[in-house]
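Number of protein chains: 2
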Amino acid sequence: MSATRARRRRGGAEDGPTRAVDYRRLRNPFPPVPVFSEDRVEAIHAAALTVLEELGMKVLLPEARTIFRAGGAIVDDASQMVRIGRDMVAAAVASAPRSFPLRAGSRDRDLVMELGTLAIQSGAGAPHATDLLRGRRPATLSDYRELTRLTQHFDVLHMLNPLVEPQDVPVHLRHYAVTEAQLTLSDKFPFVFSRGTPQVADCFEMIRDFRGLTEAEFAAKPHCYTIINTNSPRQLDVPMAQGLIDFAKAGQMSVVTPFCLMGAMAPVTVAGALTLSHAEALAAIALTQLVRPGAPVCYGAFASNVDMKSGAPAFGTPEEVKANLGAGQLARKLGLPWRCATGSAANVNDAQAANETQMGAWGAVLAGATILIHGAGWLEGGLTVSYEKLITDLEVIQSFAELCAETPATDADIALDALREVQPGGHFFGCAHTMERYATAFYEPLVADWSNFGTWTERGAKDASERATGIWRRLIDEPPGFSPDPDRQAALAAFIVRRSAAGGAPPES
Amino acid sequence: MSATRARRRRGGAEDGPTRAVDYRRLRNPFPPVPVFSEDRVEAIHAAALTVLEELGMKVLLPEARTIFRAGGAIVDDASQMVRIGRDMVAAAVASAPRSFPLRAGSRDRDLVMELGTLAIQSGAGAPHATDLLRGRRPATLSDYRELTRLTQHFDVLHMLNPLVEPQDVPVHLRHYAVTEAQLTLSDKFPFVFSRGTPQVADCFEMIRDFRGLTEAEFAAKPHCYTIINTNSPRQLDVPMAQGLIDFAKAGQMSVVTPFCLMGAMAPVTVAGALTLSHAEALAAIALTQLVRPGAPVCYGAFASNVDMKSGAPAFGTPEEVKANLGAGQLARKLGLPWRCATGSAANVNDAQAANETQMGAWGAVLAGATILIHGAGWLEGGLTVSYEKLITDLEVIQSFAELCAETPATDADIALDALREVQPGGHFFGCAHTMERYATAFYEPLVADWSNFGTWTERGAKDASERATGIWRRLIDEPPGFSPDPDRQAALAAFIVRRSAAGGAPPES
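Keeping their order, the protein sequence lines are chains A and B. Residues in the first sequence are numbered from 1 upward in steps of one, following this note's numbering. Residues in the second sequence are numbered from 1 upward in steps of one, following this note's numbering.
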């Protein structure tokens, strides 16, 4: 059965033959689900163009305003407002690439960004970490490194990301620590925070040298990416604008993500929030294309709602699902790869946490997202990454990966011979058709326990979170499955020592 | 805002204006997702016809074999095997109604069964009940009545069902107790177990009299339904065959559900399991149409996989999702309304339980199911209904109902005026567009807690299951929202006393 053994996926709980599903490169099998009629998609797009043309964006970085002005935008430096015409938007959408490769540390970790591909990330950007052994705490570099190891382990997590903020490392040195962790603990596609040019330049240099690339080779393809959040409504701050410029210049990928909570920083309606989000994303994309036509950029949307009584953010709601689906329609109108998200506002890894994250994830998958962010581990609306929730959510994410694989229905799969062999009221456990296939027929769960109540009780009546603790504890000690070049590793360490001694790189704001 | 206040849904946690989403009658908004090419759907259908024609079904009830023989099937009474030709299947599919109404106790609880409508049921048929206050126990009539009250409360649960088995009521009297509970505690569409003609006739009489119907009025439309499980592979037992006959004769609805666990009572492949399931469903549908052409019947499938190491059933797996999607293709080929399911093998209401039930539910919804069974509350692969899981799953089910509603995108929703009003970096909390809409803009969660970690901790750090306890406790004391006719209620009670004194109706097997 070489076909079914050909490719080992990592993620399952045990050794032995596993299934031939390639978790490393997914194509979304679901036809995208619309929530708006085509004429309403056009109306939202037209309204977003009106927003950019008549109202404009407040752009806090002078360099960005200069670039916009040179490109033909109407700029008022006193108010920092930039009004962007529809021609500039059209040109940007025309020059932004529809498809581009992402170059990771190993060729079998490379990805393609285009409508139809699906890359998944765990929860990102949390100030806290939590697990059942050590409790909830401000995140540390140790947490970041452990979570990076877990990210490396699971093939279904396709990109590295800023899992937690290592708060024990000063911000002017933090980018060294997280880049070193990403490069040495994982061969997946790394993330760089846009906290000003000095930090970004440091990170580019570390990645370039560690990957053994010339400047030209580095610039020829994206070797890392950043996330750009606008300050909704209609504002682009200094480090974010600088990030768009720096990444575009260097040919690296920006993922543009207006964060529009309906009723708070965006209109209370799905259509209104998406109009604002779309306008902001188009402004950011325009800046990248003014800097360098063809610069790799992802469209993005992160629109959910708030609790209108308390203002608390909510995730995995029906409104977020609808916003995801609508954002997908806008992304397809542009033809660009795009980033979508799920999340949970739960405070503990319970049924609410599971349901919210899965609900939003279905919204993103059915929306045809190219990148699904916060797919596993996110609690408290992103204030905490839970080790246990990372594991329990990965059961869902791995199930999505399974659904990306074909469901075979050859005559042999239809199994008339087995149906002839087994008599009425009998069973198929021992028939030849089953024996040939049983070892690889089904997805093997990561954390689900299917034993009966008696057996489960005898084994300690552990719930999914408690079982997840055992899983992540074992995995954080696993080798990363690749061997970084020792010379480059030493050179990276020396670079970090040298730059740290020289004062590091304070963030810009 | 009369439009948004026009229709109160029940299910939300509080009084006040609620949203104009009609939870009582859902139409599935998702385009059905295929897993097989059209030619493979034809191949599965053709293989199922071959199974029926060449191999046949073992039919244990002599009356059913007589009906099949009279209809033209090749019957061997010694082996009890019935071989069914493709002409008989084609005639049955042609005469089975594509669309029919279900008549409940109130007109606004009536339903329509056809491809495109969506009716949802909670978990059904469990021998045990569990909740955090009273623990796991053999289910009693009190549990059955409480769970019926909860089913009545939530508009998004569209039909009554055999939630738990009231094991404290002897089986020859149990149908009186459960029918009385259904009719007096709820005005939703009731369920009748097929445990032989005497019990079924009793139930028909109770429902007919309680609804105040003549025999002709009762027979003119379905006023109740039964679930028919085949004994896969290829066997139809006595009470199930009798149920198909009795319900068809009476014009009441049979929901045909082969229960095909891949690798156990069905082939290990999705395509093979569906071939068997499809053949068995067609045989059962054929029997209903031989009894009475045009008898209301639902196609159905319940195919999931087992753990091939232990034989334990699994639910909410990728294989179940694929089987659901494939079954939907077969149902659409027939053009019949159909029943699909989700479930969970978890032993406690944890992240596994939530994820499995939601995963399977998405499979059913994306498969275009007409009825989704076991949508809320099912634990242990159906051995237990959990009061808390009923509540936490209902959050997901209500979210599906929200997704059935249109996402408005009029110019007013696109909100250019609000976008003009709010300045860059500002917020939309107080703007006119928000003020006009905030009270009904968003789905209000049933059990989700979106408060921050500090507030949540101060309030007792309750997880979703613990919060769910408070919710079901409050709701089981709520009045059912309708007033049964006291005379009919008294007549029903008298009927039950009289029949019980006469010895009840022992089940047939």
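Certain hints may be false.
[To be verified] Within a straight-line C-alpha distance of at most 25 Å, the following computed SDA-like cross-link-like pairs (lysine to any residue) qualify:
| id | chain 1 | residue 1 | chain 2 | residue 2 |
| --- | --- | --- | --- | --- |
| 1 | A | Lys462 | B | Pro127 |
| 2 | B | Lys58 | A | Glu406 |
| 3 | B | Lys462 | A | Gly212 |
| 4 | A | Lys249 | A | Gly430 |
| 5 | B | Lys58 | B | Ala432 |
| 6 | B | Lys333 | A | Ala20 |
| 7 | A | Lys221 | A | Ser142 |
| 8 | A | Lys58 | B | Ala432 |
| 9 | A | Lys58 | A | Glu406 |
| 10 | B | Lys462 | B | Ile476 |
| 11 | B | Lys309 | A | Phe482 |
| 12 | A | Lys462 | A | Phe482 |
| 13 | B | Lys309 | A | Ala20 |
| 14 | A | Lys221 | A | Leu115 |
| 15 | A | Lys309 | B | Pro127 |
| 16 | B | Lys333 | B | Arg137 |
| 17 | A | Lys249 | A | Glu54 |
| 18 | B | Lys309 | A | Asp417 |
| 19 | A | Lys221 | A | Ala20 |
| 20 | B | Lys58 | B | Asp76 |
| 21 | A | Lys58 | A | Ala20 |
| 22 | A | Lys462 | B | Ala432 |
| 23 | A | Lys333 | A | Ser106 |
| 24 | A | Lys309 | A | Lys333 |
| 25 | B | Lys333 | A | Glu406 |
| 26 | A | Lys249 | A | Gly212 |
| 27 | B | Lys462 | A | Gly460 |
| 28 | B | Lys333 | B | Pro127 |
| 29 | A | Lys309 | B | Ala90 |
| 30 | B | Lys462 | B | Arg137 |
| 31 | B | Lys462 | A | Ala20 |
| 32 | B | Lys462 | A | Lys221 |
| 33 | B | Lys462 | A | Asp417 |
| 34 | A | Lys309 | B | His427 |
[Claimed, not checked] Partial list, derived from the structure: chain A residues whose beta carbon lies under 10 Å from chain B:
| id | residue |
| --- | --- |
| 35 | Asp209 |
| 36 | Val396 |
| 37 | Pro506 |
[Stated by the list, open to error] Now the in silico label distances, taken between C-beta atoms and shown as ranges:
| id | chain 1 | residue 1 | chain 2 | residue 2 | range |
| --- | --- | --- | --- | --- | --- |
| 38 | A | Met435 | B | Asp209 | 54 to 64 Å |
| 39 | A | Gly426 | B | Ala46 | 49 to 59 Å |
| 40 | B | Arg474 | A | Lys309 | 36 to 46 Å |
To be clear, the hints were calculated from the coordinates, so they are not data collected in a lab. Virtual Cβ for every residue (Gly too), placed ideally from N, Cα, C.
Is it true that the CA of Lys58 of chain A sits at most 25 Å from the CA of Ala20 of chain A? Judged against 25 Å, a Cα distance of about 50 Å means the pair is violated.
Does the structure keep Lys333 of chain B and Arg137 of chain B at a Cα separation of 25 Å or less? violated, 43 Å
Between Lys249 of chain A and Gly212 of chain A, is the straight-line Cα distance small enough, at 25 Å or below? Judged against 25 Å, a Cα distance of about 20 Å means the pair holds.
Quickly compare the C-alpha distance for Lys58 of chain A and Glu406 of chain A to 25 Å and report which way the hint goes. violated, 47 Å
Given the hint that Lys221 of chain A pairs with Ala20 of chain A, test it: the Cα-Cα distance must not exceed 25 Å. Answer violated: Lys221 of chain A to Ala20 of chain A is near 30 Å, above 25 Å.
Given pair status - Arg137 of chain B, Lys462 of chain B, alpha carbons within 25 Å: holds, 24 Å
Please test the hint of 49 to 59 Å on the beta carbon pair from Gly426 of chain A and Ala46 of chain B. violated, 23 Å
Check the hint pairing Lys309 of chain B with Phe482 of chain A against an upper bound of 25 Å on the C-alpha distance. Not satisfied, since the Cα-Cα distance of roughly 32 Å exceeds 25 Å.
Has the given pair, Lys249 of chain A with Gly430 of chain A, been kept, meaning a C-alpha gap of at most 25 Å? Answer violated: Lys249 of chain A to Gly430 of chain A is near 62 Å, above 25 Å.
Between the alpha carbons of Lys221 of chain A and Leu115 of chain A, is the straight-line distance 25 Å or under? holds, 18 Å
Measure nothing beyond the straight line between the CA atoms of Lys309 of chain A and Lys333 of chain A; if it is 25 Å or shorter, mark the hint as holding. With a Cα-Cα distance of about 35 Å, the restraint between Lys309 of chain A and Lys333 of chain A is violated, given a limit of 25 Å.
Hinted pair Lys462 of chain B and Ala20 of chain A, Cα distance within 25 Å: Roughly 42 Å separates the two Cα atoms, so the pair is violated.
Checked against the numbered hints above, the structure violates hints 2, 3, 4, 5, 6, 7, 9, 11, 12, 15, 16, 17, 19, 21, 22, 23, 24, 28, 29, 31, 32, 33, 35, 37, 39, 40; every other hint is satisfied.
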